[in-house]
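Asker: The primary structure of each chain is shown beneath.
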Amino acid sequence: MKWFLSGLVIAFVVGIAALPPDLLQKKVQQPIAFNHLVHKDLDCASCHEFVKEQAFAGLPSLDVCLGCHESAVTENPEEEKIRQLAAEGKPVVWQRLFRQPSHVFYSHRRHVTIAKLDCQNCHGKMGESQSPPQSVHNLTMEECISCHEAKGVRAGCVDCHR
Amino acid sequence: MKFSRRGFVKFSAGSAAGLGLAGVSLKTLSDLTAATTEENYPSKGPESFLNSICQLCPGGCGVTVRKVGDRVVRVQGNRNSPINRGGLCPIGVASLQYLYHPARLRSPLKREGSSWTKISWDSALGEIGSKLSSTVGRGEGSHVVMLSQELQGVLRQVASDFLGKLGSNNLIETSGPGDGTGVAVRLMQGVQSRPAYDLTNSNHILCIGCELLEGWSSPVWVMKGYSQFRGKRPRGRLTYAGSRQSVTATKADTAVQIRPGTEGLLALGIAYVLISERLYDFEFVQSHCQGFEDWRDENGRWHLGFRNMVLERYPLNLVSEVTEVPTERILKIAREFGGTRPALALAGPIDSVTANNILAALSVHALNALVGSIDRRGGVLLQYPDPLDTSEPAQSTPSFLGNFAQLLRLGKDPLEAVEQAFESGKPYLPSALITLDADPVSDSHDAKALSEKFQQVPLIVSVSSFLTATAQLAHYVLPSASFLESWVEQESPSGIPFLYHGLAQPATSAFAESRATGDILLGLTRSLGVPVSDEDYGALLKKKIAGLYERKSGAVAGTVFDQLWHQLMEQSGWWAPTYESPDQLVEQVAAKGGWWDSFYRYEDWSRTLRNPTGKFHFSVSGIESLVGGEAAGQLGSLPHFQPPAEGPASEKYHFLVRFFDPLVAVSHQPPLPFVREIAGGLVQNNAGIWVEINEADAEELGIHSGELVWVESIRNRLQVFARVSTGVLPGVVNIPRGVSGWSGDPWSVGSPVASATLAEHGADFMPKWGETRVRLLRS
Amino acid sequence: MSRWGMIIDLDKCTACQACVVACKVENNIPSPPEGEALKNRTISWMKLIPLRSEGSESERTTYAPVACQHCDNPPCIKVCPVDATNISDEGIVRQVYSRCIGCRYCTNACPYTVRYFNWSAPQWPEESKSYLNPDVSLRPKGVVEKCTFCNHRLQKAKEIARLEERELHSSDYVPACVEICPADALVFGDLEDSASEVSQLARSPRAFRLQEDLGTEPKVIYLSQGE
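Protein chains in written order, with my numbering: chain P, 1027 to 1188; chain R, 867 to 1645; chain B, 135 to 361.
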């Protein structure tokens, strides 16, 4: 029994550490391999159009893309996908990369417009990525609290958990 | 450490299990995370607000919807609407559950045998069009019947145009029982227009059988008015007399319980005090009334006047004995009513067109004349005609109703006339029946009989958002959009003392393939292959509203401040429009939710007293057959008392049942879960119909509050929840009407059968609402 | 610092229960699963209760809307073993769902019985999920919930005031029940501001609080029916 148990414990620990992460998280495949870096001259709000006015930032709709890409700007086949979707009358379904539990409330307007935080504070170097990251970032309370403590900002429970 | 082979095997087995466990834990963990991530939450989107007008009852409240992306997440009152000023009733708030109801119909349906097949709009309209055309070909076009809810302006026009193309005039709007005071106003003042009530300016409201706070008139407008009535100084006083301890009773300063059916007698008792103590308005009665004093007609015959009739026949001790109200309380009520001006007396609904009911309404309205509250501040007023109204309810009687239409002007529920016509089969059985957002089978007092008759109709088309009991009998069901998904027009609701005309754009896109009722009617008209304009319903509405531009008065709905400013301007003869062209007017009206004109000229008796004498008539004509003709003798045309013809108390059915209409039943729409919850909230959380029973009676029968009991009449039996109360008279039970569902409703709780099916009916098939007896049995 | 409070004028209230439904819509409160209502498990942060009072003429029954009384001295927070319920510096009694362990001490301690336990996970028909309010979470099975004075609306109002670089006006923040009331019987505002409508009404001779003798010091103040 001793052997069985030690095998159980060791394999469990090793397993948690070594099992492929996609068991925990499916890889995220974006519909278009978007390159943030080549768009770096644009303000984030040009495409994430609600980031300053609403709680959510908004993933760009096809219309936003078509605003510039109605006709070809480059020869990149990924760009062509925009017009292809438009021709098929389909929406572009981006996968969300930064996620939080549904019982947590976060307002972009509050952090971006009022507190004037840079997007990098939470989203890191997303703006410089050249191909879409494939893993989801599940935001943790630890991340929120450490920033709130560092900046000496109030963090009441029901401000986020409501 | 010794590592035996046996140990190795165990270790391996353990590792395998551990690895499996790790995998499973991770999987569970990821599932858990997935369950709480925002992916499972309805979509986000930018917040926006739009105005619409609630159509779930005829009240006409302006609503503002809050949208998140395409989703409607809140319906609240529109602050700019002069009707409800930001308030809204629970049904309006719950209209979201109508919009997103799980049983909404997605596409047109065609019945094949006992099952339904989805078909396209084109085939549905095509097939119905050709069937109707061949009906016309057979010469039966005039026998097509349309049953609808109460319609507004353009929709009524479109509906009657459609029927006109078929050669039919059978547009029948099933509006429910008439308002008693409204019927009395028509009879005693000789007018056709609808009455209006100056609630906020009144200092004393006397409700005799009128459930002021439970859906009477335009419900939210009444509540707003009630609030101002109570909030002003001196504070308005409310007196209630009725047979049930209703919300209005609990809110009244003085409330008396009377024997059911004696409302009219109590009014006459109050008149006795007003007259004998000289508390009435001499000036008004002398100058503007006819039939108060004894009078001589052109043939020289003397007629008894109201004054002497009351003094001779209705002394207080008699009134007290029959109504079961102590003499001193009648005295107190009458002195308060006569002594606090302006005062307003309101009668109950005309449940059944009986002598007792009609005479009660007349007796109550006679009190308004006695205190001079006719077309005066704080009294009974008369609505101005709508400046755009080109479609008054049809002047010609629908041929289908034949003789059964006779009592409609006395407040008879048109649905009852429809049931009588079906039951008798005369003058004919409809060649086709079209129901427009109406569910006559669920509303009927004899659903079974009506269904059987419907099954003999060769073609039934039901325009409905749900597969209601009526739609289940149809050959074609066409899914209609809710008011939140359609253009909406709203005329002044009955009772409000100002002119209002509302217009609103769709607040959200129509669910699945559903279409606005107006557009469905236009589609049906086009399917007949006759030339019609190709404009849609919204375009027709906008064109009509543009007509207001020519009126050069009134204003786009605005805030209370705007209202005061506008009134001040109009009173001084100014009119400052906010618009410069008809198009701009339409745009503003649709954005704000309406146009209105608050101007009212009091004491305009040449408009409001339209009898040949130009006076208010205590003695009315046209009710002789109802009150017993010659047999009634001198009293014939005067508001006198005739006891209700309640069935004799029998050994078996010892309770007299009083049907009442709670606020939650003002809408003839499917019962929404939130509305059911609040109805049941009064009965210990139980959703569904309930029966109110006196404490002592309940004890005798061993019935406890919250328990399920059978209520059985000679006609039907229902299982409902008991609510034991001291506020119920012994020997009487109260049951709400209009709270039921239909069998296919996933949100329906309890018995889908309406309590109306308990009602006894006479040889004429008219339900005897006030005269039905039941017994209660423990389940 | 504001101290939020509510006036309920029973002389104006028409017992229509629009407040009850508006609350359910605003706060994503589902209808109870079949059969649960009979077990008294309906959640209704705002509810209408019959109130018996000695009137001038005789004992009479009237109806009063009752929600969390947001006591200044709340008995519920004293019994919570995990600090899942506490009172904010603006006087709002809060419930932290993610901390609640579902022991229900608070539901028993509350003399107004306005705390509700989630006996089941919230459920809506698929179509009806469309009307869910994105500002309020869906509470899981096993936690206690109650009226929050629509705290999320306060947060939003503050956010907007800061965006517009101004002070918060009392009128910026109204709970859903107050906003909908067709009889203007509910009034909301800052009890700390002696000029506010709520403060003025709180000084009315008609003012009373439910079960005042318990010393809970509610911030929901009723005005009795009558003159």
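Think of the hints as simulated: they come from the structure by calculation, not from any bench.
From a predicted model like this one, the values you see are computed outputs, not experimental measurements.
Idealized CB from N, CA, C, for every residue including glycine.
A couple of the hints might just be wrong.
As the list claims (entries may be wrong) - Which residues of chain P face chain B? A partial, calculated answer using Cβ under 7 Å:
(1) Ser1087
(2) Val1090
(3) Cys1094
(4) Arg1125
(5) Arg1136
Unchecked claim - Restricting the straight-line Cα-Cα distance to at most 27 Å, the calculated cross-link-like pairs of lysine-lysine (DSS-like) are:
(6) Lys212(B) x Lys1177(P)
(7) Lys1078(P) x Lys910(R)
(8) Lys1292(R) x Lys1116(P)
Asker: Next item in the hint list is valine 1090(P). Is there a CB on chain B closer than 7 Å to its CB?
Answerer: Since chain B brings no Cβ nearer than about 21 Å to valine 1090(P), farther than 7 Å, the hint is violated.
Asker: Does lysine 212(B) pair with lysine 1177(P) here, judged by a C-alpha cut-off of 27 Å?
Answerer: The given pair, whose Cα atoms are some 32 Å apart, is violated under the 27 Å limit.
Asker: Need the status of pair lysine 1292(R), lysine 1116(P): alpha-carbon distance at most 27 Å?
Answerer: Not OK: lysine 1292(R) and lysine 1116(P) at ~58 Å, beyond 27 Å, violated.
Asker: Taking the closest Cβ pair, is cysteine 1094(P) under 7 Å from chain B?
Answerer: violated (29 Å)
Asker: Going straight from one Cα to the other, do lysine 1078(P) and lysine 910(R) come out at no more than 27 Å?
Answerer: holds (15 Å)
Asker: Classify the hint on arginine 1125(P) as holds or violated, based on whether any CB of chain B lies nearer than 7 Å to its CB.
Answerer: Given a least distance of 15 Å, the restraint on arginine 1125(P) is violated.
Asker: Quick check on serine 1087(P) please, does its C-beta sit within 7 Å of some C-beta on chain B?
Answerer: At 18 Å from the nearest chain B Cβ, serine 1087(P) fails the 7 Å test, so the hint is violated.
Asker: Double-check arginine 1136(P) for me: the hint is only fine if its C-beta lies closer than 7 Å to a C-beta in chain B.
Answerer: Holds, about 5 Å.
Of the numbered hints listed earlier, those contradicted by the structure are 1, 2, 3, 4, 6, 8.
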